[in-house]
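Colleague: Residue numbers (our numbering), protein chains in the order written: chain A, 4 to 248; chain B, 4 to 248; chain C, 4 to 248; chain D, 4 to 248.
Check each hint, because a few of them may be wrong.
Said to hold, decoys possible - Simulated restraints, written as ranges between beta carbons of each label pair:
1. C:226 to D:238: 54 to 64 Å
2. A:217 to B:183: 39 to 49 Å
3. C:131 to A:76: 39 to 49 Å
4. D:155 to C:130: 39 to 49 Å
5. D:238 to C:165: 32 to 42 Å
6. A:105 to C:48: 49 to 59 Å
7. B:41 to A:65: 31 to 41 Å
8. A:217 to B:63: 33 to 43 Å
9. B:76 to A:106: 51 to 61 Å
10. D:105 to C:219: 47 to 57 Å
11. A:106 to B:183: 45 to 55 Å
The hints are simulated quantities; they were obtained by calculation from the structure and are not laboratory data.
Beta carbons are placed, not taken as given, at the ideal position from N, Cα and C, and that holds for glycine.
Chain by chain, the residues:
There are 4 protein chains.
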Amino acid sequence: MTSRRLSSKGVQLTGLESLMPNVKPKRKKAKAIRDSAATRAAILNAAKKEFAFGGYSGASIGKISRRAGTNERMIYYYYKSKEGLYIAVLEQAYAEMVDAENALDLDQMDPREAIRELISVIWKYYREHPEFIALVGSENLERAIHIKKSRKLKKIASPQLRILENLLSRGSLMGIFRTDIDAHRLFLTIAALGWFYFSNMHTLSNYLQKDLAREPALHEWLQHIIAVVLTSLAPTQSKSSKSII
Amino acid sequence: MTSRRLSSKGVQLTGLESLMPNVKPKRKKAKAIRDSAATRAAILNAAKKEFAFGGYSGASIGKISRRAGTNERMIYYYYKSKEGLYIAVLEQAYAEMVDAENALDLDQMDPREAIRELISVIWKYYREHPEFIALVGSENLERAIHIKKSRKLKKIASPQLRILENLLSRGSLMGIFRTDIDAHRLFLTIAALGWFYFSNMHTLSNYLQKDLAREPALHEWLQHIIAVVLTSLAPTQSKSSKSII
Amino acid sequence: MTSRRLSSKGVQLTGLESLMPNVKPKRKKAKAIRDSAATRAAILNAAKKEFAFGGYSGASIGKISRRAGTNERMIYYYYKSKEGLYIAVLEQAYAEMVDAENALDLDQMDPREAIRELISVIWKYYREHPEFIALVGSENLERAIHIKKSRKLKKIASPQLRILENLLSRGSLMGIFRTDIDAHRLFLTIAALGWFYFSNMHTLSNYLQKDLAREPALHEWLQHIIAVVLTSLAPTQSKSSKSII
Amino acid sequence: MTSRRLSSKGVQLTGLESLMPNVKPKRKKAKAIRDSAATRAAILNAAKKEFAFGGYSGASIGKISRRAGTNERMIYYYYKSKEGLYIAVLEQAYAEMVDAENALDLDQMDPREAIRELISVIWKYYREHPEFIALVGSENLERAIHIKKSRKLKKIASPQLRILENLLSRGSLMGIFRTDIDAHRLFLTIAALGWFYFSNMHTLSNYLQKDLAREPALHEWLQHIIAVVLTSLAPTQSKSSKSII
DNA sequence: CATGAATGAGATTTCATTCAT
DNA sequence: TATGAATGAAATCTCATTCAT
């Protein structure tokens, strides 16, 4: 990744080693797969890892195909181009995230409890899906030019937003949430506090001289997010400090 | 950047066009520069833009040298390797940021006012330095492997932290801030809420179907950060919700 | 054709746009053709255009199959190889030309008039069949190696030659044509003057800074050919200038 | 050439074997040339042969570099792209032709004699430069899209045209040429009759069942061209057949 | 009759980098 | 200090073609 030259030298990784590509691919090349779906999936899976590891330009068709146990030609057969494959990877990554969110059922819970649950689930998702963080980070580095070419991704509306809207209206009706709250802002607040921790973990760990990937820090930060968000949602006592969320 | 193929097609940028490399380099090739410092600076400047635009692996020595108005050989002369140049760029970017923070003098201000000011300044810095966001994003994609090779960057301690510690102790002595607050967390909170907005602006604008680069959104979010942070710093009335920050 | 890179840029054609492949193939993929003859013909037709546009090596099986609305495998099914298809295209092109010539009936005409007619017909054929010019040009670039592999093409004898022999003998008996004339030479003269105009039209238009594809030039040149040929056929008055034709 | 697959099989050439690339390149790779001009020239020379042999798309950068005794990278170093190299080859080929024509000095000769001389020289040039014929043929197959990108080639005006104008005016003043003659047409007539013979030699030899590359045929055709042209230039006796040339 | 899956070789081009002056 | 020349490796992608159903 990083660079051809560098990758041959010793590279020490910290934390997300799972992203590192195995040097030896699985070599299930025993006699050609002849299974369209399996080949497609193998390519997509390998691509997800490589793109997450090196970003769009850091990944290479060659490595992806080797990791997938096929040849480069098959990638063009199924995905037309490097960009086509990249977009497919992004689409799948977003779809998985949306699926995870859709699995949530917070309608029966106490709104404050539901917020706690939601934040925890999002946090867990970020934590367990460093490739998602990396892919989206890569895409932002590219100013989202690839995502904009995807029809599917244009239509993906965040289920989080509707969940949040529900929670907010229920909470404000019950008098436990402020009434002047916007689902967009609440979403951005939760996402920002969780995302940044993981997306910038490596430089932050260096900057703060503290390993953010280790356990006490992780748990504490989750609790912090919950506390900050709930506080900001609480109805203002007497004198309000302008608009909050 | 991104890829040879892509770069030839029409690429629409959103907001941070300053990152886009000019096709025509400055061509001050009037007959060689013969000015060591100027050449070094031209290279560094060009490199900053290219690395910010395409990340580490998306940038190329060739384009950097062309943009700088020198030849590739000069880059090796001054910076030894692509990675050496990249590290130099990171070092300069961090140094500039630290300088900007050091320019702040909040000691005479009311702590709450000082927090407002600090958040505004940080926000402004992020907003005006998209290359900084991009460079750090790129470095996180690379798991900070380059930063770790820099001696200078290991030593950089955030001046923000000391500023925050001062503010926090002054504020809690005055009884307007909670007493159980950690400068690290406060810093991460402010940084997260500001950084994420810019670092993920492109995908978020697509995801939320709303242009975050435009003005009403920008101003509103800054006010939001200030409100959230101040609220979270305020002493808990009566029954505290566990530990906040 | 020419090259991947080039084909994506703007290519301005001059005159023979009909050779340019449509980007969108006819897409009669409504659910497989299931008509042997139709598929064969579609392939042959698509191949003619592609080979005419890019020559033998400039054309590709992939583009041909897409243009024909089938898949690449079908080409191998019907024509065995790229070369087999190319030869089939050449055979068809020559056969069509021979058919066109056979349709001529000049036996009743005045020989001079018949020559005029013949030249006009040949000229018209060249003009209306730029693919024929291009295909034969391509084949000459390849030193006719493919044509030599075709049994059919070895046997094709020009009907023009017999027509010319007839005309020449009739004309010399009538005393209006010279007696020392060879049908081969007459054919070559007519062909050369017409063919060159079209085969080299693009470079000539550039070289002479004059658009040979436009109308006044076209008509004038045809008249010129007729005049030159008839003059060269006319019996020498008094002192002959050695042998003419 | 023709095709990767074919070229490995036995290819029989007829006549212009000089165009065939040697399988073993000269391998003067003894330790790198370090001579800019020599390398450039070696590449250009090799390219001329390869492009002449296979046309634009039939030639490959790999073969050219091997034939030139360098590596592929150098071609991009000096000529930027395959097309850049191709254009350079065309430019050189045209320049050589123009030089050859400029060497002619026909002003002192009898106009009829000068025409004979000019036709012979052009004929000789075509005969001795099959690569020129092939290159221009290739370029016409590509509809002259590359030539149009060359500034140099746009400016090349045929010295032939001025030579011809001189001869025509001298001849008509002397009363031995017709007065209604156009240098463009005369040039096209001479060029067509000579060019076609060589450009289509391979298919014609097959079509007419006669080897046009052999000696009697060659000499006879040259004499034929001279005779036809001179006859067409001669003043019309009494009753003219409309406009001639 | 028709087609989807697979492939190795080779295409053009760009990469980061070293050599030599 | 500066630069032109050279290079091998790898990048993305297309080639003609065969396998298997």
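Colleague: Taking 32 to 42 Å as the hint, is the beta-carbon distance of residue 238 of chain D and residue 165 of chain C inside that range?
Modeller: Roughly 35 Å apart at Cβ, these two residues keep to the hinted range, so it holds.
Colleague: Do the Cβ positions of residue 131 of chain C and residue 76 of chain A conform to the proposed distance bound of 39 to 49 Å?
Modeller: holds, 41 Å
Colleague: Is 45 to 55 Å right for how far apart the beta carbons of residue 106 of chain A and residue 183 of chain B are?
Modeller: violated, 36 Å
Colleague: Can you tell me whether the CB distance of residue 105 of chain D to residue 219 of chain C sits inside 47 to 57 Å?
Modeller: With a Cβ separation near 31 Å, residue 105 of chain D and residue 219 of chain C fall outside 47 to 57 Å, so the hint is violated.
Colleague: Take the C-beta atom of residue 76 of chain B and the C-beta atom of residue 106 of chain A, compute their distance, and say whether it sits inside 51 to 61 Å.
Modeller: holds, 57 Å
Colleague: With 31 to 41 Å as the target window, see if residue 41 of chain B and residue 65 of chain A comply at their CB atoms.
Modeller: holds, 40 Å
Colleague: Lying within 33 to 43 Å: is that true of the beta-carbon distance residue 217 of chain A to residue 63 of chain B?
Modeller: holds, 37 Å
Colleague: Is 39 to 49 Å respected by the C-beta to C-beta distance linking residue 217 of chain A and residue 183 of chain B?
Modeller: At roughly 22 Å between Cβ atoms, residue 183 of chain B and residue 217 of chain A fall outside 39 to 49 Å, so the hint is violated.
Colleague: Between residue 226 of chain C and residue 238 of chain D, does the beta-carbon spacing fit 54 to 64 Å?
Modeller: Violated - the Cβ-Cβ distance for residue 226 of chain C and residue 238 of chain D, about 19 Å, lies outside 54 to 64 Å.
Colleague: Honestly, do residue 155 of chain D and residue 130 of chain C meet the 39 to 49 Å range at C-beta?
Modeller: Because 31 Å falls outside the window, the suggested range is violated.
Colleague: Range hint 49 to 59 Å: satisfied by the CB atoms of residue 105 of chain A and residue 48 of chain C?
Modeller: The hinted range 49 to 59 Å holds for residue 105 of chain A and residue 48 of chain C, with Cβ atoms some 51 Å apart.
When the structure is compared with the earlier hints, violations turn up for hints 1, 2, 4, 10 and 11 and for no others.
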